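We have chain H already, so just place chains Z and W on it with the hints.
Protein chains in written order, with our numbering: chain H, 1 to 492; chain Z, 1001 to 1180; chain W, 2001 to 2491.
Treat each hint with caution, since some may be false.
[As the list claims (entries may be wrong)] To give an idea of the chain Z side of the interface with chain H (calculated C-beta under 8 angstroms), a few residues:
(1) Leu1026
(2) Phe1042
(3) Gln1043
(4) Val1046
(5) Leu1103
(6) Ala1107
(7) Ala1122
[What the hints assert, rightly or not] From the structure, some residues in chain Z lie toward chain H, with a derived Cβ separation under 8 angstroms:
(8) Leu1032
(9) Leu1049
(10) Thr1106
(11) Val1110
(12) Ala1113
(13) Val1117
(14) Gly1118
(15) Ala1128
(16) Tyr1129
(17) Glu1133
Quick caveat, the hints were computed from the structure, so don't treat them as lab data. Quantities reported herein were computed from a predicted structural model and do not represent experimental measurements. C-beta atoms are modelled at their ideal positions from N, C-alpha and C, and glycine is treated no differently.
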Amino acid sequence: MSDHLPVLQVLAPLLAAPVCALLRSARAAGALAVLASWATLAVALALLGEVRAVGVVSYAIGDWVPPIGIEYRVDMVNAWVLVIVGTIASVVSPYMIASVSSEVERRRIPLFYAAYLLCLTGLLGIAVTGDVFNVFVFLEISSLSAYALIAMGTGRRALTAAFRYLVMGSVGATFIVIGIGLLYVMTGSLNMADLAVLLPEVWDSRTVKVAYGFLGVGCCLKLALFPLHLWLPNAYAFAPSAVTAFLASTATKVAVYMLLRFFLTIFGAPFSFGTMALDRVLLPLALVAIASMSMVAVLQVDVKRLLAYSSVAQIGYVVLGLSLASVTGLTATLLHLFNHALMKGALFMAMGCVVYRIGSAHIDAMAGLGRRMPWTMAAFLVGGLSLVGVPLTVGFVSKWYLILGAIERGWWPVAVVVLLASLLALVYVWRVVETAYMRPYEGDGRAVEAPPGLLLPTWVLAAASIYFGVFAKSTVATAEQAARVLMSGVGS
Amino acid sequence: MIIDLFVSHYNYWVVILLMMVGFYTLISRGNLVKKIVGLNVFQTSVFMLYISMGRIKGGTPPILVEPKGTGKGHGGADTSGGVEMMGETAAEILYSNPLPHVLILTAIVVGIAVTSVGLALAVRVKEAYGTMEEDEINRIEEEMEEAEWRRGRGEIIHEILGKFPARRALTAPSGAEADA
Amino acid sequence: MLGLSLALPVAGAVSIALLRRSPNAREAASLLTAGALFAIVLRIYASVSGGGRPSLALAEPIPGISVTLEAEPLGVLFALVASFLWIVTTMYSIGYMRGNRESNQTRYYLFFAFAIASAMGVAFAGNLFTLFVFYELLSLTTFPLVTHAGTAKARRAGRVYLGILLTTSIAFLLLAIVWTYAVAGTLDFRQGGILAGEVAGAAVPVLLGLYVFGIGKAAVMPLHRWLPAAMVAPTPVSALLHAVAVVKAGVFAVLKVTVYVFGIDFLAEAGASAWLTWVAAATIILGSLVALTKDNLKARLAYSTVSQLSYVVLGAMLASTLGVGGGGAHIVTHAFGKITLFFCAGAIYVAAHKTEVSQMRGLGRTMPVTMAAFLIGALSVVGVPPLAGSVSKWYLLGATLDSGQIALAAVLVVSTLLNVAYLLPIPILAFLSKPEGETAGGGPQGGTVLNEAPAWCLIALSFVALGCIALIFWADRAFQLLQPIAAAAGG
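Only chain H is shown next, with the shape it has when bound in the complex (with noise of 0.2 angstroms):
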């Protein structure tokens, strides 16, 4: 059983999938797509400690012997991310009991399910993978099932978003199999652990040169970096809550994950930074991403655009850790993807309990909800004050070690400018918490507090992003452990 853990993984919510299309119930489907979700968690986890005690954990499927068949391998960076994924989806997997009911239609709730189950399959499988092509396949299934599950959001706008992210996505999705392909050309193999061996042979030639650009600007596009964002502000905020919650979460720090894979495990790190200066060329968009998107952050009225765009702006954050090629800077990045999958989790889930209750995520309708629906709000603020990086909180870990890479780079202005997007986040943030707080209620009775099935799962997050800042040991040694292991190139 536990020699198949990497393939289980991937199975469990892909089988689950087509049961959920055909059961009747919503409420069965739902039950399996909790249970599903829990599974992989379970798994995750059990992952994690194996790769924690044997370093590689490496799956050949069917029993191909891996340079030629299909190799899943886990070492500890994608032992992390399916951590991050399963934890995500094993949360929101139960909110969304409750919230899909009153945002999608009856007939289509195991669709629907079966769609994230899809989603989550292929966001994993992504994850677990060590065949490039592989990616690719389970990057087309994450995001099919994403295109649809966009498109059930209440309001003809999710229709046009799920359609612009349909079109960008599939565009990034092709750049990366041009990439792949073209490495392919070069060394006959579609194997990370091979190709990593081979490439440095051919780092000179231009094929590879240009395979690079193609799987960057792929990447780049999936992860909404600056300026390849557009498609993301609209998903996020017209796609139902649950929908929201799960891809904010999980779908933009997996395809980061794609990007650390391709660019330092395959090309290595000393391509990466030395031949493409890689970290040159990141480390502006990165900038500009951080700056550009808290400032539109914060004309938004619309909240759940409003967290969509600082979600660009976070991107901007880890990809700024990344191009401090550093150690130090990769691990905010690989904590960040942790935290802020807790904190945007926590926080779009609270704006999931409002929408719940009065069906609008308009800044105007959040007047009085501090004393209307002190739970929510409170999971709001907690979430909020991470996001901005007030100490005790999981934002607070993860700008540290940005700010400490960059320090350590003497890269002043960069320190400089994280801070100060910071204070754009208390400035998004805040106005929607005064909003809440100090402004009375005009609305009609049905502002009450959300039912326990969103408030304990939103709360799950809340409080995680909360204990993970205050002992933040255990995150932070396996995020620097897996800094270590990509910037040291293949893992051993």
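Chains Z and W in isolation, oriented as in the chain H frame:
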């Protein structure tokens, strides 16, 4: 020289041409269905890239050639990806690489899925907006956003932006209309 | 013991929340907690003055950086002042809040207790990180108190308050802390500092500047705007938090950074603090000048606080034993003086609903006790010899002369004159002028009828006014308490 470059790598030029045609269609056309068509052409160019690179000069199709009599047919050559799976005549026969073809089979399936999801979305957009032209849709959405913006007046952002002429038109007077 | 000093106010807050149905029980819980807290701080004081350094590690959020509490003389001094005045302020609050029929009183007492817990955390912070954590908590927990009124004006003031405090602390203080960690590899407060030999040249004044401006609560100009803005809060909040806990947390942090992070010797050698002494001097003078122009009593007191806070900053920046000692003593003496003044301002508002200085003509006839206390407080802040304020001013003056900065000594003298100019006219107006009512045709209260504030308020304010006098005997002891750190740094 240059002509030589064109001719010897003609497959790449075709791929690049197709790619640009597809990409251009995708970007320049406002009609959602035409965008999907552009996306399709764009993806197809990548299929061509893969297929053409699998070919090896002078290679035969990757079907196991039996020296004499009948063999066991086409076996599992596709999954192995293997020139390594050849029979005893391996030394003489040069096979084309079948792996890219197999990969692209998957990619084609993915492409079809993308197309169908895209078309389905286009249909629903048409139902919801009454149009498939991007300009129209954008106009409708901008109006919706303006309406949302007006609703939030009285908030700090409006206080700040109210000082700028461009946004003032949005905040102060039309807010009164929204009330009425 | 240290943990208790933090847990007690929090427990108090919880019981306040639980007792929200019965105001009497709620306020009794508040008083009880305050009294118990003071007792605990006294015990800590006993142990520290015996040379002990109790400490307690709470958590380790980032490997290598922990949240640790440690009691040392400077912190104990601050904790003593804050916890003692909390008792008095609670008594005062009862009178004030009931007298004014304020709404949301439970929330008020609740966040007050939280704010005190944060202030205790600041006082007993064992390293820079802990200091930063509680510093931020203090900003956040006082926000609901500042915006207590809930009006648009209060909201706007709240934005300025939180905006400046969090902006400076995140943009400058955090940067400075990370920088310190990057070069020194530790954030612990150590005798003699942790930065000596780790940074050099132009980096030292820059880093020190980041600290001084990053600690926005010290209200060094031009980052002082939040303090006048915070005056929209109910007066007891202005009194305890914006004359004692919050602002003193700021200058206290500056002192701590000077002594335990840079080290007095290192600073004096590097000469890094010279430019900041001038910033502090400018704040002293400008703050006083602005205070002169303010007709609103609380605004005038606020600018006076801005000016007085820079006395402490100046003391710290002089980087001498005498300067640090004087600064520490000034934390105590100014706390008593200023809280008296604020209590009086609040009492005047409760009893006579007057907020402007120009309305206070003849008020001494209707509110003799209050105005007498005001006179004592004002004289103490000015630094008239038999009163507490004179001691710390004397030390500070000595420190400037000691370091040969005649100009700075002149600044202190000029500032004292300005203090006289903006504070003393108020009691003079109140006692010597004729009441407004007699000239303007009779107010609602009439002429010479005694109209004092509620008893709770009077008790509290006479108590602190007497404190200003009694403290003259103890101010020296505060200075003595600080001797070990300063001496060790000097030796």
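These are the hints, each one checked on the structure:
1. Checking Leu1026/Z against chain H: minimum C-beta separation of about 7 angstroms stays under 8 angstroms; hint holds.
2. At a threshold of 8 angstroms, the smallest CB-CB gap from Phe1042/Z to chain H is about 6 angstroms, leaving the interface hint in force.
3. Checking Gln1043/Z against chain H by beta carbon gives a least distance of about 5 angstroms; that is within 8 angstroms, so the hint holds.
4. The interface hint given for Val1046/Z is met, as the beta carbon of that residue sits about 5 angstroms from the closest beta carbon of chain H, less than 8 angstroms.
5. Of the supplied interface hints, the one on Leu1103/Z holds, with its beta-carbon coming within about 5 angstroms of a beta-carbon of chain H, less than 8 angstroms.
6. With its C-beta approaching chain H no nearer than about 6 angstroms, Ala1107/Z sits inside the 8 angstroms limit, and its interface hint holds.
7. Annotation: interface hint on Ala1122/Z holds; nearest CB of chain H at approximately 7 angstroms, less than 8 angstroms.
8. For Leu1032/Z, the interface hint holds, since its Cβ comes within 8 angstroms of a Cβ in chain H; the closest pair sits about 6 angstroms apart.
9. Evaluation of the Leu1049/Z hint against chain H yields a held restraint, the C-beta minimum of about 6 angstroms falling below 8 angstroms.
10. The interface hint given for Thr1106/Z holds, since its Cβ lies 6 angstroms from the closest Cβ of chain H, which is under the 8 angstroms cut-off.
11. Nearest Cβ of chain H to the Cβ of Val1110/Z: about 4 angstroms, under the 8 angstroms cut. The hint holds.
12. Evaluation of the Ala1113/Z hint against chain H yields a held restraint, the C-beta minimum of about 5 angstroms falling below 8 angstroms.
13. With 8 angstroms as the threshold, the beta carbon of Val1117/Z comes within range of chain H, its nearest partner Cβ sitting at about 6 angstroms, so the hint holds.
14. Look at Gly1118/Z: its Cβ gets to within about 5 angstroms of chain H, closer than 8 angstroms, so that hint holds up.
15. Because the beta carbon of Ala1128/Z sits about 4 angstroms from the nearest beta carbon in chain H, less than 8 angstroms, this interface hint is met.
16. The criterion of a C-beta within 8 angstroms of any C-beta in chain H is met by Tyr1129/Z, whose closest approach is roughly 6 angstroms, and the hint holds.
17. With its C-beta approaching chain H no nearer than about 12 angstroms, Glu1133/Z sits outside the 8 angstroms limit, and its interface hint is violated.
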